[in-house]
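Undergrad: So the sequences go chain by chain: S, Z and X. Just remember that this note's numbering sits 1 ahead of the position in the first sequence, which is counted from 1. Just remember that this note's numbering sits 236 ahead of the position in the second sequence, which is counted from 1. Just remember that this note's numbering sits 311 ahead of the position in the third sequence, which is counted from 1.
Hints listed in this document are in silico derivations from the structure and should not be mistaken for laboratory results. Be aware that a few hints might be false.
[Unchecked claim] A few chain Z residues facing chain S, derived, Cβ under 7 angstroms:
no. : residue
1   : V370
2   : L377
3   : S387
4   : R416
5   : T417
6   : S418
7   : A425
8   : S428
9   : V431
10  : A432
11  : S436
12  : G437
13  : G495
14  : R496
[What the hints assert, rightly or not] Per the computed footprint, the stretches of chain X lying under chain S, defined by three or more beta-carbons under 8 angstroms from a beta-carbon of chain S, are:
no. : segment
15  : 513-519
16  : 526-534
17  : 649-656
Even glycine gets a Cβ: it sits at the ideal position worked out from N, Cα and C.
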Amino acid sequence: MITQTNANDVLLVCRQIVKSYNGPLVLDKVDFSVKRGEVHALVGENGAGKSTIIKVITGATNRNSGDMMFDGQVIPLNHSRNKAQDLGIGVIFQELSLIPGMTVAQNIFLTKEPFFPGTRFINHRLMNRNAQELIDRYQFPLKATDVIDKLSIAQRQLVEILKAMSMNAKLMIMDEPTSSLTKTEVAMLFEIIRKLKSDGISVLYISHRMEEIYALADRVTVLRDGKLVAVLDKEQISPAEIIRLMIGHKLEENALAHKLEPKDGEVVLEVKDLTSVGKFEKVSFKLHKGEILGLGGLVGSGRTEVVRAIYGIDPIDEGSITYLGKPYKPSVLRSIKSGIGFIPEERRLQGILATLSITHNVGITNLDRLAPKFVLNLKKEGEFSREGIKLVNVKPPVPEQLVGNLSGGNQQKVVLAKWLIRNLKLVIIDEPTVGIDIGAKDEIYTHIKNLASQGVSILLVSSDLPELTRLSDRIIVLRKGKVFTEFKDCVVTSEKILRAASGILEEA
Amino acid sequence: MKKLKITNEIRLGMVLVGLMAVLSIISPRFLSLSNLSNVIWSICIIGILASGAIYPRITGGIDLSLGSMAALTGIIVDMFMNKMGIHWIPAILLTMVIGGLIGLFNGFIVAKIKVPAFVVTMAAKTYLYGVALVVSEGAMLAIMKPAPFISIGSDKLLGLPIPIYLMLTLVVISQFVLKRTSFGRQVMAVGSNEVAAKLSGVDPDRVRLVAYTISGITSAIGGVVLASLTRQTFAAAASGIELDVMTALVIGGTSAVGGRGSVVGALLGAIMVAFIVNGLNLLNIPAPFHPIVTGTVIILALLLNEGYLVPKKLAGGMKNQKQAAA
Amino acid sequence: MPASATFFIRRFPVSSHAVRRLILIGLMVAIAGLITSINPVFLTMGNLQKLFQEAAQVGIIAVGFTLVMITAGIDMSIGGIVAITAMVSINILSYTKIPVPVFVPLLLLVGAFVGFINGYLITKFKLPEFIVTLAVRSVLSGLALVIAVKDSLGFVQNVYIQNDQYLWFGTQTFGSIYRTTIAFVILGVATQLFIKNTRAGTNIYAAGANPVAAKLSGVNTERTVLGVYVFSGICASMAAIFISSRMMTAMPELGIGSEMDVIASVVIGGTPFTGGVGDIWGTMLGSLFLALIKNGILKTGISPWYQPIAIGGIIVVTVIVDVWQKKAHEKLTARAKLRKLDAEARKSAA
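Take the sequences, apply the hints, and build the full model.
TA: Written out as C-alpha cells, the structure reads:
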C-alpha cells in the first residue's frame, strides 16, 4: 500500500509495477517515484525498461499490475494518454507531436484555441498573446507567430514544452532530449529545466549522457533488466558509479570480460579522415582480414552514419576509403559487386521485403548470379533459398513463407542469409540482434564468428555492450561523430566501453 | 511457388468457374458461341492494357492515361498507314515506340521529379485526349484499309479471333517477366519495401521508368488492336477504360501497397467483370445498372483485399499479410 | 500561410505563397490582355459575366474539393454527385409539385449522403481514396441513368426546366453578376473563414499535415476526414443546382468529366496533394484562371480541342514547379542550418 507519509512532496509514486508484452517481463516489480520540483534522471541500458516505464506513466500502454499515484490521485490500470494529460503529465516527443505548417501558438493550443466570447470563432490575437506570454515567462527564443517548419529541433522541443505547460503539466518527461542539440542549445535547455524546477515543476529526464545527469539531476534511478537497481541522491551521483550500476556488479561480470585478440592480417578496408558535415568528422580506422571491428558509442554518436557512408548509401564530404588496396568510391551497387554486404539497423523498415517470400528476399541481392541475362534461373533461386535457409536455420524452413510472418529472429536470419550465400569480403552489421530472442541471438553470433573465421572482415555496430565485447576482436568508440578511443589487445568489459562512450577517458 | 498458386490465381479460377455455372443456369444463352464472342473483345483490350498497367501499380503508382493512350495510338496508326502511306508493320511498330516514349515521359516525372503518379497520369489522360482530338480533327475515322491490318481484328484462327491470341500472348509474357525475371523481382521488391530494395542494390527510379514505359507500350498495342477490331478510331475511344483495368487488377489481387500482383489474376478478374456485365445483359437488366454493379464489385473487392467481409479463418491469413506489410 | 520561403523585395518580407498568387494574377491580366487584343469581344460585359459564371460552376465544387485535398485525400466521385443531384432535381421538378424552396436544400442532402458513404469507406475501412471514390462515381453515373426521365420508348428525355423559381438560381443576375458567381464568392469566403478561424477548420489542416501528431493532440481525425467528404459532396450538389438551372435542362452525364477542371483549379491555386497546406483564395483564383484559359481558347478562335491539352499541360507544369519549389526551399533551410552549425563550431573553438 502507498503510505501517506511525505505524501506532499512526492508527485509520482509507482509501486511494484509489472509489465510484459506476451512473454518475458519487461518491468519486474519496479518501484519508482518522483518528488515535486525535482529533476529526476532515469538511466539504464537499452532494454532495461526505461521506455516502458515511461509508456506506463504516460498512458501509452498499460501496466499488468502495480500501484500508481500522481499528485494525490490514484491512476487506474486502464490509464490512457488523455487521462495522463488531464492529470498534468507532459511528454516531450520531438518530431512526432507537432503539426507542420502551423505556428507555435497554433501548435500549443491545438483543439483548445480560445474563442471570441459567445462565438466559436478562434481569437487569433488572443491565442498569440497567450502563447507569447507563456514564451516570455520562460524567456524562450521563440515568437508565437513563428511557423514551426522554420524552427530548429531545439526550438521545436521548446514548443513541446510550452504545449505541456499550457495544459498545466506538473511533471515534464524528456526522453533523450539532447541527442540532436548543439552545445549552446543544450545549455539553454538546462537553463529551462532549472527554471521549470524553480516553478515547482518536476522533470523526469532520460539520458545516456553522464555529464548531463551529473549537471542536472537531484536524484537518479537506475534500471537494469527490468528491475530497479538503485536510487541515488545528488551527493552519490558520479558517472562511473552510475555506469557500474547500469552494467551490473555480479561475479559473472568477470566472465563477461573479454580479451581482445588482435588480428593483424592484410588491411581490407582503410578509412581516412572520413567526414560528413553534421554527422561525423575525421573518422579513421583500419580493418584487417578476418577481423571483427566493433563500433561502440552512444545513440547519435555517428556509428550508423559512418557505415552507411562506407557502404555507399549516404554521401561523403571529405576523406578517403581504400578497399582491398585500391581507392574506393562507394555506391551500393559497387559495394555489392565488390563483395561488401550490409545488414541495416532497422530490420522491418530497411531489411526485409515483408510481403514477399523467403526465396524472394534471399534472391534480391543475388540477382546478378540468378539472372545474368534477364531470365531468372528458378532452379538456382530455389537452391539459394534452401541453402540460405539451411545456413542460418530459418524456422519454419519453408521457402515460400512470407517473411513478414516470421518471428523477429528468423526475419533477421533471412536478412543475413541473403548476404551469406555470396562471396563476401566485408560485411557491415548494424545492430544485429535488436528485439530478437536469446536462442536466435546465439545463432546469429555463431554465424558472425564463422564468417570471421572464414576470412571475412566485419564492421559491427552495436549498442548491446555484452554483444559488442563478446564478438569483437577490436573496438573503436565513437563520441559525437569523432573517434574517441580504441580498445586493442586488452581486456574489455561492458563498463569500460560505456565509460568510453560517455566520454570518460581511462588511465592506462 | 506452387503453394501460392493454389491460393491466389486458382482461387480466382474457381470463383470464375462458379460464376460461369451460375450464369449458364440463369440463362442458357450464356455459353453460346455468339454470346461469348461478344464478351471476348472487351476482355481482350482490358487484358492487353492490364498486362502493362500492372507494373506501375505494383511499384505503388498508377497509370490513368490508358484510355487516352489507346485512343491516341489508334488514331496515330491510322494516320501512319492511311495518310502517310507507311506499311502497316512499321506503322504499328512506330506507334508502339511512341507509346513507350509517352510512358517514359510519365515515368520520368514520377520517378525523377517525384510527382505523385496519379496526378501525372491523370493530367496525361487529359492532354493526350486533346492531342488525339487535334490529330483526328475531332472526327471519327473509319479504317477500311490496309487489309492485313483489318484482318488482325477480324480474322479467326481455329475459331477464335486473333486478338485473343495476342492478348493471351501478352498476358503470358507479362506474367513471365513479372514472376521469372530479374526485372520482375525488382519490381516486386520496390513495391514491397523501396528502402530495403535500394539497400539490396535495386534502383527504384530505373525500375519505375521502365514500368511506366511498359505500360505505355501495352497501351499502344491495345489501341492498335482496338482500332482494328472496331474498324474505327476516335479521340474518345476507350474512355474510362482505366477503371475497368484497375478493377481487373484489384480483383486479381494486385495491391499498390504490398508489392503483390499477378497478370493472370488480373485477366481472370477482367473475365469475371465481363461475365458479370454480360450476365446482366442476358437478364435484360438495362445498361445503366452495369456501372452500378461494377462499382459495387470494386468496393467489395477492395474490402476483401483488406481483409473484411470474409469468414474469420480466411481473414486471419489476409490480415497477417497486411500486418506483414505494415 | 504555412511553410513558405521568404523572399525580400526591397527588404520587405514576402512569402512565396503571396508571390505565387501575384504571379498568377499577373499572368491572368496578361493573358486577358492578349485575348482582348485578338478579339475585343472578350472584354465585354456579356462575355465576362459568362466567364465568371463558368468559373463559379467549377469553383463551387472546387471549394469542397480543396478541403478534401488539405486532408491529403481525393474525391473522384464529384462528377457523379453532380449527375445524380441533377437527375433527382429533374425528377422532382417533373413529377412532383414540391416547391423549390423546400426541395433545393434537400438536394444538398444527396451530396451529403454520398459524401458520408465515401468518408465512411475511407475512414472506417481504410480503403484507398482514389479507387473507392472512382467506384462510387461509377455507381452514381449508372444510378443517374436509371432515374433519368425517359420517354415512352425508354430513351432519356431532354426535360426543359420551366420552373421560374428554379431558374432563378442560374439564369438570373443580381445586378450584373450571375447568382451562381455570387453564391461561389459567398461559399468561398465562408469556407475560408471557416477553415482559418474555427477549431474544426484547424483540425482539417492538422489531420492532413500530420495525422499522428494530430491524434496525439486530441484531434478526432476520423471525424474530421469524414466531415470533409460530406462537405465535398454538398458542394458538388450545390453546383449541380446552379448548372442545371443555368442550362435549363440536365442530362445524366452532367458533371461527368468535370473532375479534371476541379483538380486543375485546386492545383493551380496552390493546394498540393500531400495535404496540410492550401486555402480557398488559391482555389478561387485557380477556378478563375481555368475559366479564363477555356474561354480565351474559344474566343481567340483556337480550336476547342486544345482545351484539354492546355488543362492537362498546366496541371503537369504546376505540379512540377511545386515539387521544385519545395526542393529549393528544403535546400535553403538545410544550408541555413549548416551555416548555424558552422557558426556554433567557430564560437566554441574561439
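Undergrad: For every hint, state whether the structure bears it out.
TA: Tested hints:
1. V370: Constraint on V370(Z) not satisfied, violated at 39 angstroms.
2. L377: violated (39 angstroms)
3. S387: violated (33 angstroms)
4. R416: holds (5 angstroms)
5. T417: Given a least distance of 5 angstroms, the restraint on T417(Z) holds.
6. S418: holds (4 angstroms)
7. A425: holds (5 angstroms)
8. S428: Nearest chain S Cβ about 4 angstroms off; hint holds.
9. V431: holds (5 angstroms)
10. A432: Holds. Min distance 6 angstroms.
11. S436: Holds, because the Cβ-Cβ distance from S436(Z) to chain S comes to roughly 4 angstroms (cut-off 7 angstroms).
12. G437: Nearest chain S Cβ about 5 angstroms off; hint holds.
13. G495: It holds, given that the least Cβ distance between G495(Z) and chain S is near 5 angstroms, below 7 angstroms.
14. R496: holds (6 angstroms)
15. 513-519: holds (count 4)
16. 526-534: It holds: at least three residues are needed, and the segment 526-534 of chain X offers 4 whose Cβ sits within less than 8 angstroms of chain S.
17. 649-656: holds (count 4)
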